[in-house]
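Protein chains: 2
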Amino acid sequence: MGPGPSDVPRRILDAMARPTIGHLDPEFIALMDEIKALLRFAFQTENALTFPVSAPGSAGMETCFVNLVEPGDTVIVCVNGVFGGRMVENVKRCGGVPVIVNDEWGQPVDPQKVEEALKANPQAKILAFVHAETSTGVLSDAKTLCALAQNHDCLTIMDAVTSLGGVPVKIDEWGVDAVYSGSQKCLSVPPGLSPISFGPRAIAALEARTTPVQSWFLDLSLVMNYWQGEGGRSYHHTAPINAMYGLHEGLLMLHEEGLEAAFARHQSQHADLRDGLEALDFSFLVAPQYRLPQLNTVRFPARVSDEAAVRKALLENHHLEIGAGLGALAGKVWRIGLMGASACPQNVQKCLGALEEELGA
Amino acid sequence: MGPGPSDVPRRILDAMARPTIGHLDPEFIALMDEIKALLRFAFQTENALTFPVSAPGSAGMETCFVNLVEPGDTVIVCVNGVFGGRMVENVKRCGGVPVIVNDEWGQPVDPQKVEEALKANPQAKILAFVHAETSTGVLSDAKTLCALAQNHDCLTIMDAVTSLGGVPVKIDEWGVDAVYSGSQKCLSVPPGLSPISFGPRAIAALEARTTPVQSWFLDLSLVMNYWQGEGGRSYHHTAPINAMYGLHEGLLMLHEEGLEAAFARHQSQHADLRDGLEALDFSFLVAPQYRLPQLNTVRFPARVSDEAAVRKALLENHHLEIGAGLGALAGKVWRIGLMGASACPQNVQKCLGALEEELGA
Numbered sequence: 004m005g006p007g008p009s010d011v012p013r014r015i016l017d018a019m020a021r022p023t024i025g026h027l028d029p030e031f032i033a034l035m036d037e038i039k040a041l042l043r044f045a046f047q048t049e050n051a052l053t054f055p056v057s058a059p060g061s062a063g064m065e066t067c068f069v070n071l072v073e074p075g076d077t078v079i080v081c082v083n084g085v086f087g088g089r090m091v092e093n094v095k096r097c098g099g100v101p102v103i104v105n106d107e108w109g110q111p112v113d114p115q116k117v118e119e120a121l122k123a124n125p126q127a128k129i130l131a132f133v134h135a136e137t138s139t140g141v142l143s144d145a146k147t148l149c150a151l152a153q154n155h156d157c158l159t160i161m162d163a164v165t166s167l168g169g170v171p172v173k174i175d176e177w178g179v180d181a182v183y184s185g186s187q188k189c190l191s192v193p194p195g196l197s198p199i200s201f202g203p204r205a206i207a208a209l210e211a212r213t214t215p216v217q218s219w220f221l222d223l224s225l226v227m228n229y230w231q232g233e234g235g236r237s238y239h240h241t242a243p244i245n246a247m248y249g250l251h252e253g254l255l256m257l258h259e260e261g262l263e264a265a266f267a268r269h270q271s272q273h274a275d276l277r278d279g280l281e282a283l284d285f286s287f288l289v290a291p292q293y294r295l296p297q298l299n300t301v302r303f304p305a306r307v308s309d310e311a312a313v314r315k316a317l318l319e320n321h322h323l324e325i326g327a328g329l330g331a332l333a334g335k336v337w338r339i340g341l342m343g344a345s346a347c348p349q350n351v352q353k354c355l356g357a358l359e360e361e362l363g364a
Numbered sequence: 004m005g006p007g008p009s010d011v012p013r014r015i016l017d018a019m020a021r022p023t024i025g026h027l028d029p030e031f032i033a034l035m036d037e038i039k040a041l042l043r044f045a046f047q048t049e050n051a052l053t054f055p056v057s058a059p060g061s062a063g064m065e066t067c068f069v070n071l072v073e074p075g076d077t078v079i080v081c082v083n084g085v086f087g088g089r090m091v092e093n094v095k096r097c098g099g100v101p102v103i104v105n106d107e108w109g110q111p112v113d114p115q116k117v118e119e120a121l122k123a124n125p126q127a128k129i130l131a132f133v134h135a136e137t138s139t140g141v142l143s144d145a146k147t148l149c150a151l152a153q154n155h156d157c158l159t160i161m162d163a164v165t166s167l168g169g170v171p172v173k174i175d176e177w178g179v180d181a182v183y184s185g186s187q188k189c190l191s192v193p194p195g196l197s198p199i200s201f202g203p204r205a206i207a208a209l210e211a212r213t214t215p216v217q218s219w220f221l222d223l224s225l226v227m228n229y230w231q232g233e234g235g236r237s238y239h240h241t242a243p244i245n246a247m248y249g250l251h252e253g254l255l256m257l258h259e260e261g262l263e264a265a266f267a268r269h270q271s272q273h274a275d276l277r278d279g280l281e282a283l284d285f286s287f288l289v290a291p292q293y294r295l296p297q298l299n300t301v302r303f304p305a306r307v308s309d310e311a312a313v314r315k316a317l318l319e320n321h322h323l324e325i326g327a328g329l330g331a332l333a334g335k336v337w338r339i340g341l342m343g344a345s346a347c348p349q350n351v352q353k354c355l356g357a358l359e360e361e362l363g364a
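Taken in sequence, the protein lines are chains A and B.
Residue 4 is where the first sequence starts when you use this note's numbering, and the numbers rise one by one after that.
Residue 4 is where the second sequence starts when you use this note's numbering, and the numbers rise one by one after that.
Don't take each hint at face value.
Same chains, same names: a pair is fine if it fits in one copy or spans any two.
As the list claims (entries may be wrong) - Here are the computed lysine-lysine pairs in the DSS-like style, where the Cα-Cα straight-line distance is at most 30 angstroms: (1) Lys95 x Lys128; (2) Lys116 x Lys173; (3) Lys315 x Lys353; (4) Lys335 x Lys116; (5) Lys128 x Lys116; (6) Lys39 x Lys315.
Honestly, the hints are just simulated from the structure, not real lab data.
Remember, predicted model here, so these are calculated numbers, not experimental data.
Construct all of the structure, not just a fragment, from the sequences and the given hints.
Here is the structure:
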């Protein structure tokens with residue numbers, strides 16, 4: 004019950020233990036096609052260029068930036084937690100010029116500040132923001148931010164690592180141009196893959212590049228020949244076959260449950276956990292309207308004097324992992340995940356029971 | 004029996020299906036330490052900075068180049084197949100200046116040409132070469148190449164993707180400064196991880212950089228805090244937990260068998276396969292003294308008119324995958340792998356029997 008990896012259902016683990024076949028085997032190519040279709044379902048998009056990068060979410064982030072940012076490009080980056088900060092780092096390493104829109108950790112991205120930054124930087128090519136900040140548990144208003152970017156002729160890059168599968172992610176309706184996520188959050192698949200989706204405007208920007216993409220491994224103009232080459236896929240790198248089995252199974256499970264049912268389950272389990280935590284004198288970092296149901300960031304009650312010792316006791320006595328604070332929030336909050344399969348009554352009860360035992364009611 | 008992924012033993016697949024735990028869980032940190040120790044055994048090195056990159060071999064290659072090449076650096080790259088060519092691409096994308104030493108596909112790297120290139124380019128910082136070319140089945144003389152590089156005060160980057168676990172790879176004895184491999188060849192672990200090792204001279208070069216590493220995901224100055232931070236590991240990215248379980252198990256199996264026994268097994272299975280293939284009128288692309296036992300690259304007999312159709316029949320009628328030719332050798336050769344667990348009498352017999360059935364004796 005940390006901020007990911009989440010609990011992985013046995014069905015997904017078993018899928019990962021199927022015999023490894025070749026990355027150009029027709030059976031595997033067929034599985035790749037199913038994964039793409041299922042990811043389009045999860046992202047609510049028709050984008051053809053939708054597939055999992057063969058590496059964790061951080062590499063998905065880098066895929067978006069190295070393919071879309073050229074040296075000298077201005078990128079407006081919204082920073083309200085660790086992962087916005089990592090986006091800035093990516094922009095710099097691509098030779099881009101970041102314009103930072105800061106918001107307090109625990110607050111959503113402020114659309115008014117973003118609009119001001121867009122007006123002040125008419126040369127900006129991209130607006131980048133984190134939909135669901137894993138370091139704070141905050142949901143930002145992706146729809147509004149995308150509309151602002153479009154009004155100012157800017158592309159958008161959105162981090163949906165923690166949002167995908169837990170709260171609505173509407174790539175086409177909102178007009179997100181490039182998005183990346185992770186397998187190990189609300190999809191409940193082991194870490195190691197990063198689903199991405201690029202829309203037509205992002206592909207046009209990629210095709211209009213005048214400099215090569217600095218990463219060979221993440222260069223979409225090459226990778227896409229493996230994931231969507233017509234009349235035969237060409238080898239780029241060796242895909243992580245068994246990890247793909249797991250992702251396929253996790254996406255199938257999401258499809259069977261349905262997106263709305265999955266979102267409702269995350270909400271209802273969050274409500275139960277919230278009630279229990281508040282009864283134990285925990286308080287939420289984030290205002291109710293911006294709270295992620297799948298990531299509960301809480302300040303602990305006064306009777307917790309050594310927060311690391313309590314987390315250690317939870318792990319050792321109850322086999323329960325909850326997340327520490329990151330960055331500016333280290334030592335100040337806990338992050339309790341209810342992601343994917345972890346968002347279930349058993350986990351809520353286990354967590355509340357363990358806390359009561361360790362802290363006293 | 005293609006050029007990788009190789010057959011994955013059930014024991015490794017089962018290990019991958021163990022419950023996913025957190026990437027900062029003390030149990031996982033302990034497993035990481037065991038993986039590092041086992042990789043040092045496999046690479047025959049004492050290098051502290053030895054760990055698996057959280058992505059396939061292509062990302063391991065990129066890790067070596069982005070960390071060691073700065074804009075303007077001269078890199079001598081030996082090209083005798085596809086993967087040497089990919090190294091050149093990596094050098095260019097790092098802003099480096101490649102000096103290419105070409106050898107014919109099917110031939111090893113010629114040390115004399117390398118020495119001439121080193122003499123002609125005293126400013127060269129790095130010599131890069133592929134130990135075992137997966138596109139041709141050729142083994143180059145790593146010991147001699149490393150000695151030449153050292154005589155000219157050059158660092159070495161070695162591709163050991165296909166060699167590790169199949170033929171001797173002696174990082175410390177040869178003085179290789181940076182090496183990368185893959186999980187899916189002679190370690191018989193599913194694809195998705197790239198073991199690397201950096202020696203003291205490579206680390207000194209990394210520390211002496213005047214420009215940031217262009218990849219955030221692959222920046223060793225950051226990643227190493229997760230893999231070897233003293234007194235607590237700091238989060239960098241979420242490691243692919245279950246893939247690590249598999250690599251750990253595969254390395255344990257190699258340790259149980261012993262390196263010399265594994266190398267001898269590859270050699271003896273290769274000898275049996277060679278005899279059978281030659282009896283069927285196949286001929287080897289590579290001269291005996293440069294042949295990789297784990298990757299048999301053969302020209303087919305005259306009675307094979309449509310090589311792709313035969314490979315398709317092998318797959319459909321016998322569930323047997325063998326590899327097509329890559330690049331300049333496409334349509335001209337097959338690549339038959341005897342990697343890791345695939346190097347066993349059952350596979351040799353199955354392959355020869357299937358070929359006899361499809362082609363006639």
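Evaluated hints:
For a Cα distance limit of 30 angstroms, the shortest separation of Lys95 from Lys128 qualifies both inside one copy, at 14 angstroms, and across copies, at 25 angstroms. In the homo-oligomer, the alpha carbons of Lys116 and Lys173 lie at most 30 angstroms apart inside one protomer (23 angstroms), although the nearest pairing across protomers, at 57 angstroms, exceeds that limit. Proximity of Lys315 and Lys353 under a CA criterion of 30 angstroms is satisfied intra-copy only: 16 angstroms inside one chain copy versus 53 angstroms between copies. In this homomeric assembly, Lys335 and Lys116 come within 30 angstroms of each other (Cα to Cα) only inside a single copy, at 27 angstroms, whereas the closest approach across copies is 61 angstroms.
With identical chains, the CA atoms of Lys128 and Lys116 are at most 30 angstroms apart within one copy only, with a shortest distance of 17 angstroms there and 47 angstroms across copies. In this homomeric assembly, Lys39 and Lys315 come within 30 angstroms of each other (Cα to Cα) only across copies, at 25 angstroms, whereas the closest approach inside a single copy is 40 angstroms.
Hint violations for this structure: none, all hints satisfied.
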